[in-house]
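S.K.: Taken in sequence, the protein lines are chains A and B.
Counting from 1 along the first sequence, just add 122 to a position and that's the residue number in my numbering.
Counting from 1 along the second sequence, just add 8 to a position and that's the residue number in my numbering.
If you're looking for bench data, these hints aren't it; they were derived computationally from the structure.
Keep in mind that this is a model prediction, so the values were computed, not measured.
Errors might be hidden in some of the hints.
Distance windows between CB atoms, simulated [said to hold, decoys possible]: (1) A:E515 / B:A319: 34 to 40 Å; (2) A:S525 / B:K430: 51 to 57 Å; (3) B:A319 / A:P486: 31 to 37 Å; (4) A:G299 / B:G543: 56 to 62 Å; (5) A:T466 / B:E325: 31 to 37 Å; (6) B:G543 / A:T498: 46 to 52 Å; (7) A:T498 / B:T241: 37 to 43 Å; (8) A:A217 / B:K583: 44 to 50 Å; (9) B:Y317 / A:T212: 53 to 59 Å; (10) B:E366 / A:S525: 19 to 25 Å; (11) B:G499 / A:E372: 36 to 42 Å.
Lysine-lysine pairs mimicking BS3-like chemistry, simulated, CA-CA at most 30 Å apart [stated by the list, open to error]: (12) B:K473 / B:K447; (13) A:K178 / B:K553; (14) A:K443 / B:K571; (15) B:K553 / B:K573; (16) B:K557 / B:K582; (17) A:K443 / B:K513; (18) B:K524 / B:K513; (19) B:K519 / B:K430; (20) B:K571 / A:K178; (21) B:K399 / B:K524; (22) B:K590 / B:K573; (23) B:K573 / A:K443; (24) B:K326 / B:K519; (25) B:K399 / B:K579; (26) B:K435 / B:K557; (27) B:K469 / B:K399; (28) B:K447 / B:K467; (29) B:K519 / B:K590; (30) A:K443 / A:K178; (31) A:K271 / B:K590; (32) A:K443 / B:K562.
The beta carbon of each residue, even a glycine, is placed where N, CA and C say it ideally should be.
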Amino acid sequence: MGRDSIESLGAVIRQGNGSADLARIPTVDAPLGVLADTTPSSRSVGLYIHVPFCTKRCFYCSFNTAPLEHDDEMRRYVGALRRELGLLATTSWAAAVSLETVFFGGGTPSLLGPDDMAGILDELRARLALSPAAEITVECNPESVSRDKLAAYRQAGVNRISLGVQSLDDSILPVLGRLHDAGGARRAFEAVREAGFDNASVDLMYGLPHQAADTWTRSVSGVLAWEPEHLSAYGLTLDAGSLWAVTGVEGLPGEGAVVEQYWALARAAQARGFEHYEISNYARPGFRSRHNQIYWHAAEYLACGPGACGFVGDVRYGNVKPVTRYCATLESGALPIDTAERLTERQRVGERLILGLRLVDGVPRAWLDERAAGDTGLARRLAAWREAGVLAEHDDRVALTESGFLVSDSVFVDLL
Amino acid sequence: MSLSRIRNFSIVAHIDHGKSTLADRLLSLTGTMDAKKAVDQVLDSMDLERERGITIKAHTVRLLYRAGDGQEYTLNLIDTPGHVDFSYEVSRALAACEGAILIIDAAQGIEAQTLANFYLAADAGLTIVPVINKIDLPAADVEGTREQITEVLDLDGTEALAISAKHGTGVPEVLEAIVARIPAPPGDLEAPLKALVFDSYYDSYQGVVVYVRLRDGRVRPGMRILLMSNGRTYEVQQVGVFSPDMRPVEELSAGQVGYITASIKRVADAKVGETITEALRPAAEPFPGYRDAKPMVFAGLYPIEDTEYEALRDALEKLRLNDPAFNFEPETSLALGYGFRCGFLGMLHMEIVQERLEREFNLSLIITAPSVQYRVLTTAGEVLDIDNPSKLPAPDRIEQMEEPYVHSSVYVPTEFMTAIYKLAQEKRGEHRSLEYLGKRVHIRFDFPLAEIVVDFYDKLKSISKGYASFDYEFADFRPSELVKLDILLNGDPVDALSVIVHRDKAYERGKALVEKLRGVIPRQLFEVAIQAAIGSRVIARETVKAMGKNVTAKCYGGDITRKRKLLERQKEGKKRMKQVGKVEVPQEAFLSVLKS
């Protein structure tokens, strides 16, 4: 089975040489693994770079993180990352794609020194085609940024900052395991502006232990007063892999209270001119996260860094998670890809649904109608969600309503 | 073959006392087949049987044995089913034997099933050969076990054989004892053919394969036979023995055990208990005790996906080929759509059919609450048989309702009498008689069938620590104060959840039901009110709160695969749900009706 739809998707790149069922893990002899067997469908892709290090792991966090104990570890990681960029550049298709977004996520990417940041971005420009208009975001923790560091980031090419504030309540922040306080968060945001960034996002969390309705609304209005361009607000979940998933946590607000917090934020953000463009994301017009929209549009992105995930052609893949194995694999000359799967057509459709419907723009109505035409069950389920006010149609698209966002997982399970 | 060189026997034992191991040994010692293969092929050949540790179908195997007297004997081992739902099948299989080996574990002594099985065999008039097994165990107490046999079973304990089936010790003596102690079958080789059917199954090549024990006469291919219960005649195609695979022989004669094929199309035409004779020269009368196995419990079977209706019908038809005790006819339910009303011998039988449909035919099913068949006399003077509560006429059209009663027999050690009477009272039992038989009693009760079909047997076994044995047969219909209990979801009655209950139990039952349903119906976008009602009177209510939120805030760092897999797993779980009106009701909700 070849990827015969490649032309229709407008790709200019020749097909990879491997068999389509193969999802090869790289070896020293075949250092690109599955990335030699697949090609991007699109000329423009995103790039996610995972910076795993944290001074301290937050109690709710389930991501791939590692403590930073010696400067050597950072040095080795940065070296490996540059090798990874170099290897990606050797794929047959690398020269034909341009990077439209770069996102440094973590971990705590703001632990990268200004020189390392510049070195990584320079390497990137030297090896791959970085679009001049690319959105380059760095996630920062308030306690690890300064005006000078941010200015240096900006000098290196970073043009968007995402600040992990989470809360402005000094009694809650230490409960989460965060290292900053409300004052520190505010000063960090000021530093972002002073460094010259005109595109800044703030992360908040709700549904937190002992979080009363008024402390939440104070955090929301406090952050909105800073006038960021973008706001992400995540309801707390006790994900597998987090400390709290194991130990449990006391004082979680009830479901009704969490739903109320969701609406309080939605109302406040709307009043300030934000659009609620994704389940957990708000933006001023023109400031949606370009990088995250790549995920939600089921578009393609490359991955660098331990545990980072990528999507190329019809292949979803993930890098090895442990930092030392990640470094060692690259030092041996192979890409550190650990898992890879080729999506079936059914999975692709499923993903377009569960990702597209996260957005206020939803999915094209014609596309959905076409799916429902061959599947009476799907048509019936769609009608039921519409009738329940969870799905709505506007223009030529079908999307979740703002109250529908709250039960989106039920919809996704139903439509998959 | 001379009758004097045939022995027909079964092996009975408490679970784990070594029945399979001894059967193995007997097979390998007589060179019938290698031991490992024997267990796999001969005993408990259905997966379900092995998993549940019960025998559902009878099995049989012929052993050829040269005894100490220098003569060669044919020993037919007939294995019997072991559950009250199949007690009729057990009685027929035992009727095909003259003797039974009763195995008792030397370390554990006489246990509940030892007794229950002993009584069954003794009541069938079989000669019992007690065998004390596992004498190799450090905890073995052979002498103590002998005393128990004398005291509890009223057999001569000193005559019990002491063996280790595992090591083979004493097993040759078992073979000798079978020859020496179990009587040769009675019978007349020259009389007209008279054979008892003790099992049968459908084979797609040969038609029905009928397991028979010949009492008189002979049968060979080409002979015209008559089935005495239904008057049908057939020409015999093949006769044979199990050794243990089917092996054709020229002739079966009086005293022998084997099979007959005669192009019989349906198992229902050659049922267990049937008497086969010669068409031209019929036997004077059939074997006593033939009983048409009638379904006692009825339930609706519905595919979860409407598209599986045809597949379900095909599967039911295939199952019925082999199982005449089970029947079905199409029915529709407002809540569940198109399905079938099926009749079963009992709950175990129902569970077996359900499991086979799901496992062997890969169907996802909903079973509605089981019901017995009620008799309704309407004000218009009609008599209706109602096996589906939703078909019950409106109360103002009912003149009188009757429910089926059974005569039952309980054998139990005296120490459990009080507990048994208490249970009987709970189950609306009517005491008929009490008889002391040494250390045990025989109590007869009449029960409403509805009270005993669901969990009575399990409860009886539990309160008697397994020692009680239980058997029942249909008695008659008796007038009863019955009401229909409806379950409503958001005000709409769900016909598939309705049950007919005795008025005195309606409130308690309704309350238990809605509580149970609240626990199994998942939260939906809207609140779900669950009500139990008799007519328009609501007697119990519970609420499943509306789902406030179900959302994943974040697909972090583009790890879409993890998220998709999580949702796909939830999707799998959802496939077991049936949409009833707007409410999604999981499969177990329908079964919870019977277990509350």
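S.K.: Each hint needs a verdict: does it hold in this structure or not?
M.R.: Hint by hint, here is what the structure shows:
no.	hint	in the structure
1	A:E515 / B:A319: 34 to 40 Å	holds (36 Å)
2	A:S525 / B:K430: 51 to 57 Å	holds (55 Å)
3	B:A319 / A:P486: 31 to 37 Å	holds (36 Å)
4	A:G299 / B:G543: 56 to 62 Å	holds (60 Å)
5	A:T466 / B:E325: 31 to 37 Å	holds (35 Å)
6	B:G543 / A:T498: 46 to 52 Å	violated (37 Å)
7	A:T498 / B:T241: 37 to 43 Å	violated (52 Å)
8	A:A217 / B:K583: 44 to 50 Å	holds (46 Å)
9	B:Y317 / A:T212: 53 to 59 Å	holds (57 Å)
10	B:E366 / A:S525: 19 to 25 Å	violated (38 Å)
11	B:G499 / A:E372: 36 to 42 Å	holds (39 Å)
12	B:K473 / B:K447	holds (16 Å)
13	A:K178 / B:K553	violated (39 Å)
14	A:K443 / B:K571	holds (18 Å)
15	B:K553 / B:K573	holds (27 Å)
16	B:K557 / B:K582	holds (18 Å)
17	A:K443 / B:K513	violated (61 Å)
18	B:K524 / B:K513	holds (16 Å)
19	B:K519 / B:K430	holds (23 Å)
20	B:K571 / A:K178	holds (26 Å)
21	B:K399 / B:K524	holds (24 Å)
22	B:K590 / B:K573	holds (27 Å)
23	B:K573 / A:K443	holds (19 Å)
24	B:K326 / B:K519	violated (39 Å)
25	B:K399 / B:K579	violated (35 Å)
26	B:K435 / B:K557	violated (45 Å)
27	B:K469 / B:K399	violated (34 Å)
28	B:K447 / B:K467	holds (22 Å)
29	B:K519 / B:K590	holds (23 Å)
30	A:K443 / A:K178	holds (18 Å)
31	A:K271 / B:K590	violated (57 Å)
32	A:K443 / B:K562	holds (19 Å)
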